[in-house]
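Each chain, letter by letter, is given below.
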Amino acid sequence: MSGVQLSQLVKRYGDIEVVKAIDLEVQPHEFVVLVGPSGCGKSTTLRMIAGLEEISAGSVTINDRVVNRVAPKDRDVAMVFQNYALYPHLNVADNIAFGLRIRKTPKDEVDRLVAEVADILGLTDYLKRRPADLSGGQRQRVAMGRAIVRHPMVFLFDEPLSNLDAKLRSQMRAEIKRLHKRLDVTSIYVTHDQVEAMTLADRIVVMNDGLIEQVGTPMDLFLNPANTFVAGFIGSPPMNQFDALVSGSPEAPIAEIGDQRMALPSLPELSERIGSKVTVGIRPEHAQVLTPSEHLVHVQLEIVETLGSEALLHTTLENNPFIIKTETEGYYSKLEEVSAFSVDPAQVKVFDIETGRVFGQSGA
Amino acid sequence: MLNWNLYSRGDKFFAIAVSVLVGMFTIATLYPFIYIAAVSFSSGFAAQAGKVVLTPIDATVEAYKYILVKPEFWISYRNTFIYTIGGTIVSMLFIIPGAYALSRPQLFGRRFFNLFIAFTMWFNAGLIPFYLNMRDLHLLDSMFGIILAFAVNAFNIILLRNFFEAIPSSFEEAARMDGANEFQVLWKVFIPLSKPAIATVTLFCIVSRWNGFFWAMVLLSSSEKIPLQVFLRHTLATLSDDDEFAITQLEAAYSAETVTAAIIVCSIIPVLLVYPWIQKYFEKGILLGGVKE
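Read top to bottom, the protein sequences are chains G and P.
The opening position of the first sequence corresponds to residue 1 in this note's numbering, with each subsequent residue numbered one higher.
The opening position of the second sequence corresponds to residue 1001 in this note's numbering, with each subsequent residue numbered one higher.
Hints were generated in silico from the structure; no laboratory data involved.
Some hints could be false.
[As the list claims (entries may be wrong)] Result set (DSSO-like, lysine-lysine): computed pairs, CA atoms no more than 27 Å apart in a straight line: (1) LYS128(G) x LYS1225(P); (2) LYS1188(P) x LYS107(G); (3) LYS1225(P) x LYS1070(P); (4) LYS1195(P) x LYS128(G); (5) LYS1065(P) x LYS73(G); (6) LYS73(G) x LYS107(G); (7) LYS128(G) x LYS107(G); (8) LYS1065(P) x LYS104(G); (9) LYS1188(P) x LYS104(G); (10) LYS1065(P) x LYS1188(P); (11) LYS73(G) x LYS104(G); (12) LYS181(G) x LYS73(G).
[To be verified] For each label pair, taking beta carbons as the anchor points, the in silico distance ranges come out as: (13) ILE1089(P) x ASP119(G): 43 to 49 Å; (14) PRO37(G) x PHE1119(P): 40 to 46 Å; (15) SER162(G) x LEU1272(P): 48 to 54 Å; (16) PRO37(G) x ILE1191(P): 35 to 41 Å; (17) ALA174(G) x TRP1122(P): 58 to 64 Å; (18) ILE1089(P) x VAL70(G): 37 to 43 Å; (19) PRO37(G) x ILE1278(P): 34 to 40 Å; (20) ASP119(G) x LEU1272(P): 47 to 53 Å; (21) SER1208(P) x SER162(G): 42 to 48 Å; (22) THR355(G) x TRP1122(P): 38 to 44 Å.
[To be verified] Stretch-level coverage of chain P by chain G, calculated; a stretch enters the list once three of its residues show a Cβ under 8 Å from a Cβ in chain G: (23) 1095 to 1101; (24) 1122 to 1136.
Here a beta-carbon is modelled for each residue, glycine too, at the ideal position from N, C-alpha and C.
The task is simple: from the sequences and hints, build the whole structure.
Shown next, in the form of structure tokens:
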């Protein structure tokens, strides 16, 4: 089986670099998700792996073979497109069989493979239908069928779920995950939706502005973001961030914002920052409003968003927006009265105010 | 039913004005057909006297009898079919690949080629240089010359190119990932997706070939090579010049007018038969459902 390596990969349009010398190693069988805001270069990276975009510099290696000059059809990769790109003049069976027929696969082999894929994807009853007569989820499945029927070494997904409504999206997400478990093919998946990234990925690659910000498992990224960008991108809602002045002692550093004080974790880098400013990050779920504590940080509650078992409290902390995520079970009536929270210093992240890099983490 | 109360006074006025205008256009388009058909079935005397308005006067089929027995009529009819079918096929062989190539962003010098093709729509060498060119290529009085010389039409290429350009690039990319080469992308994806546009361009080619008159008259001299439209003109000229014919025209059951009308009716029929067959492709949005933007 095959992995994919990107080394010093660059894409330039004229003078504009949209992918800036990125390195990435995707292990065989791995499900890697490239995530980032629009224009971060994630789709371009995927298209360079597919062979649909020329590579300006660096190299793409698939299964130990440099494929920079190999045509897309000879890279043994298959791609699922955002808009499905199903051939409207062909029925489902012919859409799935298209690539096999182009490659002159014998007819009974084609029939067998199409039937097999239709069975996996639950499309057997729809084989004679045209794409126009299918629902969004069915079309998406046909698009995947077209990719898996060839048994490629690598699957590429280019925002495959972004055209579906929210409910269908979570269904298809689970289906893609199940499919990957069953087929066990190396997959690279592009999305701008961090929820998709968190739920699908073995490893997530967070991209921004043509660069890789951080690579890691979903929980790794969630618990140990390397910088303010990743902290602000991963998690729903994302990590609260605000600037604060460091005071106190190296053993017990304290963050000051306005009149409020908050204990910080004792990190080696912080001892040099006493008296200067840093960015403090607190996950919405780590702010406790329900357990009594001596070290309360006061906030002004603006609105309460109830989600069912959880609620989001939109507050301000010294004029910085601050979101608190809390349970509702048994506390619902008290949520309107929340005016302070406490937080375990070990769960507070501190970032360099200039570079945005997190303190207390080597590497990343 | 239309509920007029839902419309403002301006809307009503607009709807009425549109109906009146469309009605007038319809009559203006339809009436010549009716008139020609009526004349072709009228007596020569009535036609010459200008009595025919809407229906045949002194109904007769003498004019048809006169032309249908002429071997030249059938030869020219056959030639028109050859020019139309052969010409359309050759045209499409040039236009489809040409339009596809010009629609591809990866074509080297695409802007330059597109500009040059469009240029020929506004400016051309003119009648005499074109004639001399054909003469020097030894394509005068040649059926092949007629088919080849008018095979490529810039307007049709641009029409089809624009349609190809509007097809989402993911179709091409998906086909390429599936292993298709350029020719297969064109043949298996773009052509099936472009049926409405190709039908339109085909119809344009058919109609212009069918009605092609001027250059056929200029370039062809042998009577066994001329198309129906040129034969029509010859007949018109002969009948009008024919003294004997003019003398007997008072009793004649047919005249130059009715014979001309009969030939025109004969020449319209095939086009009328082809159109409904092609027409179904015109409004059909075949792209629906394949992609979701």
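Results for each hint:
1. Distance hint between LYS128(G) and LYS1225(P) is unfulfilled; the C-alpha atoms sit about 50 Å from each other, more than 27 Å.
2. With a CA separation close to 18 Å, the supplied pair LYS1188(P) and LYS107(G) stays within the 27 Å bound.
3. Taking the CA atoms of LYS1225(P) and LYS1070(P), the gap is near 15 Å; set against the 27 Å cutoff, the hint holds.
4. Restraint check: the Cα-Cα separation between LYS1195(P) and LYS128(G) comes to about 21 Å, which is no more than 27 Å; the hinted pair holds.
5. Proposed proximity of LYS1065(P) and LYS73(G) is contradicted: the alpha carbons are some 65 Å apart, above 27 Å.
6. Simply put, LYS73(G) and LYS107(G) have alpha-carbon atoms about 20 Å apart, close enough for the 27 Å limit, and the pair holds.
7. For the proposed pair LYS128(G) and LYS107(G), the alpha carbon gap of about 17 Å is at most 27 Å, so the pair holds.
8. Only pairs whose Cα atoms come within 27 Å are accepted, and LYS1065(P) paired with LYS104(G) is rejected, the gap being roughly 58 Å.
9. Proposed proximity of LYS1188(P) and LYS104(G) is supported: the alpha carbons are some 14 Å apart, at most 27 Å.
10. Restraint check for LYS1065(P) and LYS1188(P): the C-alpha separation of about 49 Å exceeds 27 Å, so the hint is violated.
11. A C-alpha spacing of about 13 Å is found between LYS73(G) and LYS104(G), which places the hinted pair at or below 27 Å, so the restraint holds.
12. Restraint check: the Cα-Cα separation between LYS181(G) and LYS73(G) comes to about 25 Å, which is no more than 27 Å; the hinted pair holds.
13. For ILE1089(P) and ASP119(G), the Cβ-Cβ distance of about 44 Å falls inside the hinted range of 43 to 49 Å, so the restraint holds.
14. A hinted range of 40 to 46 Å holds for the C-beta pair PRO37(G) and PHE1119(P), which are about 44 Å apart.
15. Between SER162(G) and LEU1272(P) the CB atoms are about 49 Å apart, so this pair conforms to the stated range of 48 to 54 Å.
16. In this structure, PRO37(G) and ILE1191(P) meet the distance hint of 35 to 41 Å, their C-beta atoms being roughly 39 Å apart.
17. Separated by about 59 Å at the C-beta atoms, ALA174(G) and TRP1122(P) satisfy the suggested range of 58 to 64 Å.
18. Between ILE1089(P) and VAL70(G) the beta carbons are some 38 Å apart, a value that agrees with the proposed interval 37 to 43 Å.
19. Between PRO37(G) and ILE1278(P) the C-beta distance comes to about 48 Å, which lies outside the given range of 34 to 40 Å.
20. The hinted window of 47 to 53 Å between ASP119(G) and LEU1272(P) holds, with their beta carbons roughly 51 Å apart.
21. Evaluation of the 42 to 48 Å hint for SER1208(P) and SER162(G) yields a pass: the beta carbon distance comes to about 46 Å.
22. Distance hint check for THR355(G) and TRP1122(P): the Cβ-Cβ separation is about 60 Å, which falls outside the suggested range of 38 to 44 Å.
23. Interface restraint, the stretch 1095 to 1101 of chain P with chain G: violated (0 residues with C-beta to C-beta distance below 8 Å; minimum three).
24. Coverage of the stretch 1122 to 1136 of chain P by chain G is violated [criterion: at least 3 residues with CB-CB distance below 8 Å; count 0].
Against the hints set out earlier in the document, violations occur for numbers 1, 5, 8, 10, 19, 22, 23, 24.
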